[in-house]
Structure formats: C-alpha cells, structure tokens
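Protein chains: 2
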Amino acid sequence: MNKRIYLLITATFAIALICLSGLTSPTPVHATDDPLPSWNDGRVKQAITEFVSRVTTANSPDFLLREDRIATFDNDGTLWVEKPVIQGMFVLDRLKKMAAADPSLKQKQPYKAVLEEDVAYFKQAGEAAVMELLAATHANMTQEQFEQEVRTFFKTGVHPTLKVSYTRVTYKPMVELLEYLRANGFQTWICSGGGIDFMRVVSQQLYGIPPQQVIGSNGKAEFIQKDGKFAIWRLPEVGRINDKVGKPVGINLHIGKRPVFAAGNERSGGDIAMLTYSQGRPGASFQLLINHDDAQREFAYQEPDNASLNAAKVNGWNVVSIQKDWKTVFFQ
Amino acid sequence: MNKRIYLLITATFAIALICLSGLTSPTPVHATDDPLPSWNDGRVKQAITEFVSRVTTANSPDFLLREDRIATFDNDGTLWVEKPVIQGMFVLDRLKKMAAADPSLKQKQPYKAVLEEDVAYFKQAGEAAVMELLAATHANMTQEQFEQEVRTFFKTGVHPTLKVSYTRVTYKPMVELLEYLRANGFQTWICSGGGIDFMRVVSQQLYGIPPQQVIGSNGKAEFIQKDGKFAIWRLPEVGRINDKVGKPVGINLHIGKRPVFAAGNERSGGDIAMLTYSQGRPGASFQLLINHDDAQREFAYQEPDNASLNAAKVNGWNVVSIQKDWKTVFFQ
Chain A
14 MNKRIYLLIT ATFAIALICL SGLTSPTPVH ATDDPLPSWN DGRVKQAITE FVSRVTTANS
74 PDFLLREDRI ATFDNDGTLW VEKPVIQGMF VLDRLKKMAA ADPSLKQKQP YKAVLEEDVA
134 YFKQAGEAAV MELLAATHAN MTQEQFEQEV RTFFKTGVHP TLKVSYTRVT YKPMVELLEY
194 LRANGFQTWI CSGGGIDFMR VVSQQLYGIP PQQVIGSNGK AEFIQKDGKF AIWRLPEVGR
254 INDKVGKPVG INLHIGKRPV FAAGNERSGG DIAMLTYSQG RPGASFQLLI NHDDAQREFA
314 YQEPDNASLN AAKVNGWNVV SIQKDWKTVF FQ
Chain B
14 MNKRIYLLIT ATFAIALICL SGLTSPTPVH ATDDPLPSWN DGRVKQAITE FVSRVTTANS
74 PDFLLREDRI ATFDNDGTLW VEKPVIQGMF VLDRLKKMAA ADPSLKQKQP YKAVLEEDVA
134 YFKQAGEAAV MELLAATHAN MTQEQFEQEV RTFFKTGVHP TLKVSYTRVT YKPMVELLEY
194 LRANGFQTWI CSGGGIDFMR VVSQQLYGIP PQQVIGSNGK AEFIQKDGKF AIWRLPEVGR
254 INDKVGKPVG INLHIGKRPV FAAGNERSGG DIAMLTYSQG RPGASFQLLI NHDDAQREFA
314 YQEPDNASLN AAKVNGWNVV SIQKDWKTVF FQ
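Heads up: the protein sequence lines correspond to chains A and B, in order.
Numbering follows my numbering, in which position 96 of the first sequence is assigned residue number 109; successive positions increment by one, without gaps.
Numbering follows my numbering, in which position 141 of the second sequence is assigned residue number 154; successive positions increment by one, without gaps.
A portion of the hints provided could be inaccurate.
Any copy, or any two copies together, can satisfy a pair, since identical chains are not distinguished.
Stated by the list, open to error - Only pairs whose alpha carbons sit at most 27 Å apart, straight line, appear in this in silico DSSO-like list of lysine-lysine:
(1) 242 with 119
(2) 257 with 119
(3) 176 with 233
(4) 168 with 270
(5) 270 with 233
(6) 239 with 270
(7) 233 with 257
Rather than coming from a laboratory, the hints here were simulated on the basis of the structure.
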C-alpha cells in the first residue's frame with residue numbers, strides 16, 4: 014500500500030475512533046447491557062424500563078421534552094437506609110463532641126436526655142427540646158462552618174449495625190435507577206424531609222445529584238458580616254418543613270413544575286403527597302413506593318396504618334418489594 | 014487507487030466528519046466569531062472574556078470545574094427593563110380586568126387607588142394595602158391558574174413607552190452574555206426580587222433559563238384538594254422576600270453555593286449583597302453592575318445615595334455603562 018494512503022487511513026481511523034468514543038458517552042452507560050443489573054426481572058423493573066422507553070421515544074404519544082423529564086426522590090428509606098435516621102446520628106455525634114468539650118452539658122437538659130437516650134424526656138418536653146437540639150447542632154454558625162461539620166461526620170461516622178461508613182448505606186438499585194434516568198435525559202432531584210444543607214454535602218458524591226437539585230427542610234438564615242467577612246448565618250428557627258404535604262410545596266418552590274417520576278417509601282406516609290402531586294400532572298407519569306420487607310438484608314418495618322401501601326393500591330403506584338425486586342441491596 | 018482502499022478512506026472520512034460535527038457542538042456557539050456582538054469593545058467586554066477564558070482553561074490556576082460555574086443574574090434592570098416594573102404592570106392589568114368584571118371595585122380601596130394611580134393613598138395606607146393587592150392578584154388560586162394568568166398577560170401586554178410586547182424588552186447584550194456563559198459550561202440562574210412564579214413562566218423563552226433556575230420572592234402555599242384534584246394553592250401570605258440581603262439567602266437556599274459570576278444593576282442597592290456574597294467565595298469570581306445612563310436608547314436613573322456604584326468602586330466590580338458598552342440595547 015502506498016505510504017501516504019496508509020498514513021491517511023491510519024489518521025482518519027484514529028480520528029474516527031476518538032470521535033466515536035466521544036459520541037458514545039452521552040448515550041446510556043449500559044446501552045447494550047442491562048441498565049438495572051441490581052434489579053430482579055419482574056413487574057416493577059419492567060414497568061420502569063417500559064415507562065422510560067415510552068416517554069423518550071420520539072413519535073410516542075407520551076413523548077416528553079427533556080425539560081419536562083423531572084424525577085424526584087425521597088432520601089431516607091428511598092435512597093439510603095433510615096434505620097436509624099442518619100441526620101439524627103449526626104445530631105448525636107455533635108452533641109457527644111460538645112459534651113466532651115464542655116462536660117457540664119451532660120447534666121443539662123435536653124442534652125442529658127439525648128446522651129442518655131432518654132426517649133421519655135422528649136415525649137414530655139416536646140418540640141421546644143427538639144428545637145434546642147437543632148439550634149445547638151445546626152444553627153448559630155456560618156453556612157461554611159456547618160458544611161465542614163457535616164463533612165467531618167461523613168468522614169468518620171459508622172453505621173451502628175451495618176458497621177460501614179454512612180457513605181456506604183445507599184441502595185445500589187436506586188443509584189442505578191438515578192443513573193438510568195439521567196442517561197435518558199431526566200433531571201434527578203432529591204425531595205426529602207431531611208435537612209437540605211445536610212444532604213447537599215454528599216449528594217453529588219453518593220448519587221451524582223448536585224446541591225442545587227436537593228430539596229429539603231431548611232432553617233432560616235441571614236446574610237451578615239462576621240469576623241470581617243460576609244457570610245450566611247444559620248438562625249435557630251425553622252424555615253420550612255419538607256415532609257408530607259410540604260413536599261409538593263417544596264417541589265413547586267424549587268423546580269416550579271410537577272415531577273414526571275416520583276419515588277418514595279412507606280414508613281410514615283411522608284411521600285404520599287409527593288406521589289399524588291406527580292400523578293396529578295397532565296400526561297404520563299410514574300410513581301414508585303419502596304416497601305421495607307427485608308429484615309435479612311436491610312430492615313423490615315411497616316406503617317401502623319398502612320397508609321402508603323393503601324394509597325399505592327388505590328392509585329396504581331409501583332410498589333418495590335426489597336426482598337423480591339432487588340438482587341443486591343448495598344454496594345459491596 | 015485500489016477500490017477497497019478508496020471505499021475504506023471514504024467511509025472512514027465520513028465517520029470522522031460526522032463525529033467532528035458532533036464534537037463541535039459543545040464548544041462555544043460563536044467559537045470563531047465575536048461571542049458578544051452587541052457589546053462595544055472596551056474594558057468591560059474584555060474583562061468578561063478574559064475572566065471566562067481564565068476559569069475555563071485547563072491548567073489555569075483559576076480553572077473551575079463545571080459544577081462550580083454558577084452565574085446569577087438579577088432580572089429587573091439587569092436582564093429586562095424595569096421602567097415600569099413589569100410585574101407591577103401585571104398587577105394593574107389584573108385589577109383592571111377584575112374591575113371590568115365587578116365595577117364596584119372601582120369605588121373600593123385599595124383597588125380604587127391603583128386604578129386612579131393615587132400614589133398618596135399607598136404612602137398613607139402602607140404595607141397592608143399592598144398585601145391586599147398582591148393577595149387579590151397573586152393568591153387564592155391554584156398554581157396552574159396563576160401561571161395561566163401570567164401567560165395571558167405576556168401574550169397581550171404592551172410596554173407603555175417602548176410600545177412592544179413585554180417579551181421584547183430584554184437586553185440583547187445580556188441575553189448574549191447568558192448564552193456565552195452557558196456555551197462555556199456555566200449554569201445561568203436568575204436571582205431577582207420579582208416573584209419567582211411570575212418570572213418562571215417566561216424565563217425559558219426569554220433567556221433560555223429553565224424554571225428550576227429561577228430564584229425570586231415567593232408567597233406561602235399549601236397542597237390541597239380542590240374541586241376533586243390535588244393542587245398547589247397560593248396563600249395570601251408572604252413567604253420570603255428575595256431582595257438585598259435576601260438574595261444571598263435565596264441563593265444559598267436554591268443553589269447551595271456562592272456564585273462565581275454575579276450581575277445586577279444600580280437603582281435601589283438591591284444587588285449589593287449578592288455581588289458581595291459572590292466576591293466572598295474563595296478563588297476567582299466576577300461581579301457586574303449595570304449603570305442605567307442611556308436616556309436616549311433606554312432609561313437614565315441613579316440611586317439617591319449612589320450606594321451600588323460606590324460599592325462597585327470600593328470592591329472593584331465591573332460597571333457597565335449602557336451608553337458606552339452596549340452597541341445595541343434591544344432585539345429588533
């Protein structure tokens with residue numbers, strides 16, 4: 014072969030290969046493989062992939078523009094374990110450190126009650142005691158200081174029974190689902206009763222969700238000059254509680270449109286309103302509700318009044334049985 | 014040339030060309046042209062392009078990851094005209110329609126005062142009167158109903174002196190700036206004292222900014238069942254005012270990080286806090302302040318205390334003179 018032609022072919026091939034490798038990246042990560050390998054084949058997995066195909070196929074009557082492909086996920090019990098609630102463990106961790114630095118706190122309520130796990134005290138002392146704890150651990154500091162406290166917690170904290178870092182208690186099938194939706198043009202959001210600033214510190218790392226796509230409960234704040242620098246100062250006052258009927262309100266505030274895909278879990282009825290809100294949009298939508306029924310691999314717990322599962326039945330939401338639908342629960 | 018080799022070269026070339034055309038799309042739209050054609054060459058335009066180049070060039074000490082390329086823009090007086098404030102014209106438009114349907118309103122305060130442009134009444138009646146007007150025009154309806162009202166306003170409303178639709182009073186140089194930043198991997202946000210839900214109706218159309226990237230003042234809302242359907246119901250209560258020191262608080266709530274690029278305008282000192290907040294981030298940042306000094310092509314007005322321009326001088330912010338820096342002000 015003529016040397017020039019040879020070089021031409023080689024160079025052109027090289028460009029083509031580089032380009033092709035570039036071109037494949039925006040398409041689904043698992044284009045040819047199973048996009049949800051940690052899900053067992055079954056009704057729920059099939060419903061998910063059928064829905065995604067239906068709303069992303071041009072000419073489908075249910076086709077959705079990318080701008081309308083909004084998916085919202087609860088966090089505690091939906092994306093990571095909620096036994097115990099991890100932000101609660103952060104409060105405990107902070108209080109222990111505060112008590113180590115100032116031992117007088119061990120004799121002072123409500124700190125004493127937390128450190129001694131005196132649940133009865135809180136039943137009697139009520140909301141005021143909880144607010145004092147939240148103020149002590151979440152407020153009266155700059156935003157940057159709080160984020161640093163949260164980062165420290167995630168670097169050192171270990172789950173009490175699973176014995177792994179709190180960054181390792183996310184559900185593998187749900188992280189796959191987030192990736193699968195994003196690969197199909199969805200914007201993935203967290204919409205949780207948890208603290209917005211607490212989750213934001215790890216949302217990118219754990220779920221690939223940037224801080225600006227996290228909706229949660231928030232305290233009030235103000236912009237002040239502190240030690241010569243201007244900063245967000247966290248006030249010891251509740252701003253908005255993003256739970257139950259607060260979730261649609263939070264989604265409306267942060268996103269401004271009804272989600273097409275909404276996922277939550279049973280435990281407290283916390284996600285019924287969000288799933289109802291999603292289903293109320295005109296056109297196609299998908300609702301997912303996780304049933305914690307796997308005492309062996311995760312935890313098993315049910316709502317006393319069964320409200321979430323009842324709502325799922327009445328409204329035709331897709332119920333995930335962790336036991337049956339998930340091949341794997343956690344990352345190894 | 015051997016026919017097989019010829020076909021091989023042709024096919025490979027074709028693939029390479031297709032790939033290359035794909036590869037060029039994520040790069041700046043005006044890669045070879047001037048990306049800011051409506052800006053006159055000068056100190057401000059040069060500072061913008063130098064900054065963008067500095068933070069997007071790999072190996073530059075100021076290089077920013079895409080996730081940190083957050084740009085926030087005030088709206089009234091920064092992205093579109095604020096003489097008169099357009100949302101104020103929406104209120105007037107709504108009240109006129111309400112008075113046409115119910116003529117008794119013409120004799121009832123505070124409606125009478127608005128319809129007769131009786132400014133003295135509002136000076137005396139104060140906040141309560143304003144709140145009643147906001148409640149009448151912005152609340153006691155579902156979110157969907159409100160959005161429909163806003164859409165109707167933008168379809169029909171005409172600016173009183175410029176005599177064009179309110180969708181035609183955006184600043185061409187600023188829309189170019191938004192596009193230029195996005196082409197360089199920035200996420201562009203609105204952060205305005207205006208109503209969040211009012212702006213969201215037109216933000217995509219006018220600025221290419223999706224609703225979820227709009228931060229503004231908001232009323233309280235609840236999720237209720239109305240006429241058999243679940244919906245967001247707008248309450249006649251102020252939630253959060255996103256002006257002055259409220260802007261950094263709003264950015265922290267909606268984005269969760271300090272913006273790298275922040276743009277506002279002089280008139281009321283409304284953007285000083287946002288620009289200060291941006292400048293306080295560690296590392297590179299850029300602040301832009303528009304000076305309305307062009308009575309001929311737009312409007313000329315100054316703050317009584319000159320606070321914004323003074324802050325710009327002290328802090329080294331980039332001041333845009335509409336008269337000198339903008340070749341064109343509006344879209345034709």
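Evaluated hints:
1. 242 with 119: Neither, since 34 Å and 51 Å both go past 27 Å.
2. 257 with 119: This pair counts as neither: shortest intra-copy Cα distance 34 Å, inter-copy 42 Å.
3. 176 with 233: neither (34 Å within a copy, 42 Å between copies)
4. 168 with 270: For residue 168 and residue 270, the Cα distance is within 27 Å only across copies (21 Å; inside one copy 36 Å).
5. 270 with 233: Both. Shortest intra-copy (24 Å) and inter-copy (16 Å) distances satisfy the 27 Å Cα cut-off.
6. 239 with 270: between (37 Å within a copy, 18 Å between copies)
7. 233 with 257: both (20 Å within a copy, 16 Å between copies)
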